[in-house]
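> Single-letter residue listing:
There are 2 protein chains.
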Amino acid sequence: MALTVVGSIAFDAVRTPFGERDRMLGGSAVHFALAASFFTEVNVVGPVGDEFGEAELEVLRSHGIETADVERIEGGETFFWRGHYDADLNVAHTDETRLGVFAEFDPKPTDRSRGAETLFLANIQPDLQRRVRALCEGARLAALDSMNLWIETERDSLRTAIAEVGCVILNDAELRMLTGEPNLLRAARAVMEMGPGIVVAKRGEYGSALFTPGAAYALPGFLLEDVRDPTGAGDSFAGGFLGYLDGCGAHRPDDATLHRAMAYGTVLASFNVEEFGTERIARLKVEEINERYAELRALTHFDAPG
Amino acid sequence: MALTVVGSIAFDAVRTPFGERDRMLGGSAVHFALAASFFTEVNVVGPVGDEFGEAELEVLRSHGIETADVERIEGGETFFWRGHYDADLNVAHTDETRLGVFAEFDPKPTDRSRGAETLFLANIQPDLQRRVRALCEGARLAALDSMNLWIETERDSLRTAIAEVGCVILNDAELRMLTGEPNLLRAARAVMEMGPGIVVAKRGEYGSALFTPGAAYALPGFLLEDVRDPTGAGDSFAGGFLGYLDGCGAHRPDDATLHRAMAYGTVLASFNVEEFGTERIARLKVEEINERYAELRALTHFDAPG
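Those protein sequences? They're chains C and D, same order as listed. For what it's worth, this note's numbering labels the leading residue of the first sequence as 14, then goes sequentially. For what it's worth, this note's numbering labels the leading residue of the second sequence as 14, then goes sequentially.
No lab work stands behind these hints, which were simulated from the structure alone. Careful, some of the hints might be misleading.
Which copy is meant is left open, so a pair is good if it fits within one copy or across any two.
Straight line, CA to CA, 25 Å or less: simulated SDA-like cross-link-like pairs of lysine to any residue [what the hints assert, rightly or not]:
1) K298 with D316
2) K298 with G88
3) K298 with S170
4) K298 with A228
5) K298 with G62
6) K121 with V72
7) K298 with P318
8) K298 with A317
9) K298 with T225
10) K298 with T270
11) K121 with A81
12) K298 with R265
13) K121 with H97
Input sequences plus hints: build the corresponding full structure.
Structure (structure tokens):
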């Protein structure tokens with residue numbers, strides 16, 4: 014099994030009440046790929062600039078991630094995001110975004126990336142998501158993320174992109190904005206009417222919810238004593254979720270498999286936020302994932318009436 | 014087993030995007046008592062005015078709730094709250110509060126109320142909570158709720174009241190405000206250092222979390238298609254939670270019992286919000302509670318790794 018992700022490969026500058034970093038490896042494709050790499054083979058598709066070095070690539074490669082489609086653009090600048098968080102770590106404040114090489118990105122994925130059974134279209138311009146979707150003919154399960162910017166400025170393109178995937182992964186506020194429906198269950202149904210059979214609502218520290226035509230499901234976030242930087246948590250969640258599904262060959266997953274995938278997504282997101290950027294997940298061990306998965310079961314389990 | 018609750022018995026005027034009511038039965042003690050009445054014997058302690066009639070008392074009595082300590086004050090006016098909710102039903106906007114008979118309330122509970130094994134001090138002035146706590150000598154498990162007003166204006170009294178109970182049930186924002194600690198787990202620990210061994214964080218539509226000295230626990234809210242009026246959800250949660258504990262004689266509950274109690278609290282809160290005020294819970298059946306408890310288990314259950 015294999016999974017391809019297209020999205021930003023970035024340098025991030027982040028400040029939170031617990032510290033700051035001037036320039037660290039980030040980007041949605043990076044956070045996603047690292048999380049998914051614990052479960053399956055991952056191909057990353059995206060552009061970087063001249064100054065993106067071997068050290069950054071090595072973080073990916075050391076996790077077995079295929080970087081043949083990390084395209085270095087001569088004279089270009091890597092995508093850059095600067096942001097900060099105040100005491101409420103659920104709210105990211107963007108201070109600066111420089112698209113750099115992403116502004117003119119023309120994806121030309123290798124056959125290997127195009128043949129992967131699972132595809133994640135991280136948060137990029139919806140028409141670009143559609144082009145990659147069309148190129149990746151091997152994908153049996155395709156999912157996309159998006160953001161408020163595209164919901165406001167590219168709503169029609171985004172709706173078309175959504176109709177071409179089987180799974181949508183958005184923040185709950187984005188689901189509400191996209192559909193104009195304040196109720197989450199109704200918002201998820203409205204997205205399903207656009208095409209996808211799986212809708213995931215990310216809810217920050219509160220966890221996540223999942224909707225399929227027949228059922229609804231929800232998990233709280235893992236309760237942590239130390240949360241230092243939430244950047245990339247949503248992409249780590251998606252990486253754990255889709256990585257698990259691809260790793261067990263679930264391209265038309267049943268509900269029980271989706272629920273386990275949600276738990277793995279929750280676990281990966283919880284590690285992500287413990288330290289800055291990719292620092293925690295870069296040194297994560299499979300045994301730690303399995304241990305926290307069991308802890309999450311204990312954290313949410315209750316018995317039938319005694 | 015028996016449970017005593019002291020708190021507001023009120024008339025509420027509520028407007029939400031789904032309708033409005035000019036004057037309906039409400040108040041923290043009422044919502045709590047109705048929810049708890051499905052699990053155990055309940056005594057309500059609180060004052061009402063002249064205009065509080067037999068029809069309102071009958072809603073309580075028809076659920077087997079003892080109203081001997083619902084004290085009618087001649088010439089007085091029943092506590093009145095007017096508020097509204099916009100599209101974000103997690104945020105209540107208070108438009109008017111008239112304390113009425115509550116301003117001068119001097120509780121004189123009967124021996125029956127004082128002898129109950131479980132006591133809930135709903136959100137009232139902390140010194141009043143302390144007086145009732147001292148009077149109810151039979152209580153082996155005492156819990157309290159509070160609000161931002163008392164945290165701001167009566168912090169020392171509130172901290173003393175907290176030291177005299179075994180369980181605190183607050184919104185997560187209130188826990189953070191009370192302790193000055195943005196992290197929920199750390200905020201809960203700070204409350205435990207004041208005395209209580211059980212801390213419950215209510216998180217609105219996102220569910221709830223529970224902390225004991227050795228463990229943390231969390232449940233999402235029940236996902237509902239129709240949420241019409243969240244007023245009283247927190248008190249219905251507390252009523253299901255403490256009512257269940259008292260009903261099974263758990264006055265020093267172990268973690269597994271607390272987790273089932275959280276699930277019952279979640280279930281009762283979910284029914285509460287489906288209609289205005291007490292309308293839904295007033296006609297609720299035990300079988301519906303049991304059915305939704307099973308649904309909540311399915312909604313949150315995931316398997317060990319396959």
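> Of all the hints numbered above, which does this structure not satisfy? Sort the numbers upward.
The structure conflicts with hints 2, 3, 5, 9, 12, 13, although it agrees with all the remaining ones.
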